[in-house]
Amino acid sequence: GNSVTQMEGPVTLSEEAFLTINCTYTATGYPSLFWYVQYPGEGLQLLLKATKADDKGSNKGFEATYRKETTSFHLEKGSVQVSDSAVYFCALEPPGTYKYIFGTGTRLKVLA
Amino acid sequence: DGGITQSPKYLFRKEGQNVTLSCEQNLNHDAMYWYRQDPGQGLRLIYYSQIVNDFQKGDIAEGYSVSREKKESFPLTVTSAQKNPTAFYLCASTPRGTNEKLFFGSGTQLSVL
Chain A
1 GNSVTQMEGP VTLSEEAFLT INCTYTATGY PSLFWYVQYP GEGLQLLLKA
51 TKADDKGSNK GFEATYRKET TSFHLEKGSV QVSDSAVYFC ALEPPGTYKY
101 IFGTGTRLKV LA
Chain B
1 DGGITQSPKY LFRKEGQNVT LSCEQNLNHD AMYWYRQDPG QGLRLIYYSQ
51 IVNDFQKGDI AEGYSVSREK KESFPLTVTS AQKNPTAFYL CASTPRGTNE
101 KLFFGSGTQL SVL
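As given, the protein sequences belong to chains A and B, one line each in that order.
The opening position of the first sequence corresponds to residue 1 in my numbering, with each subsequent residue numbered one higher.
The opening position of the second sequence corresponds to residue 1 in my numbering, with each subsequent residue numbered one higher.
Misleading hints may appear alongside valid ones.
Claimed, not checked - Cut-off 35 Å, straight-line C-alpha distance, at most; resulting in silico cross-link-like pairs (DSBU-like, lysine-lysine):
1. B:Lys57 <-> A:Lys52
2. B:Lys57 <-> A:Lys99
3. A:Lys109 <-> B:Lys101
4. B:Lys9 <-> A:Lys99
5. B:Lys9 <-> B:Lys70
6. A:Lys77 <-> B:Lys71
7. B:Lys71 <-> B:Lys57
8. A:Lys99 <-> A:Lys56
9. B:Lys9 <-> A:Lys109
10. A:Lys52 <-> A:Lys68
11. A:Lys60 <-> B:Lys14
12. B:Lys101 <-> A:Lys99
If you're looking for bench data, these hints aren't it; they were derived computationally from the structure.
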């Protein structure tokens, strides 16, 4: 079946550190891949997306590259800020299914 | 402002009671979704609807019901058959439903008294 696996958190970093949050997936065909962010008590917001192999999504200094060969979509940021503290969700949509499948989320804490 | 409105923000359910969570959008989106969020389990799909008067079960539909009588509205009823309803419920929508980003509401926290 279709699924998303994320690294468990919490991930705790100092300000200006490099961030990687791992995400791997299982899906038939070529799914669309997404990263969402959730701040406390709120809904999710799209951070970035990629719709085909080798695409790189980017936004607000975050990047992720669609790797078909390793079925991965790891989230990276070169220098995190305290304001990046949130829960990050990796998600996929199997082609044409209209169903969006989410990982379990990874909590990031950035310390000043 | 355009967006998705969920109400109420907090809801309490007594044993044996049905409760309905409201979700309204003024984005003119065709597809709408309901997710349940539990700590450490991420988001799980309850129901989704691609067009008015049509909807499909997600992965955890048992104990829930929905309707889609209007494009802008997709209410979720948590029935007494749902034995563990305490969770954070999120409604979302997309313009066409495939390969699109989801727009989320701010959620409803449901607790059992």
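Hint check against the structure, violated hint numbers in rising order: Hints 6 and 11 are the ones this structure does not satisfy, whereas the remaining hints hold.
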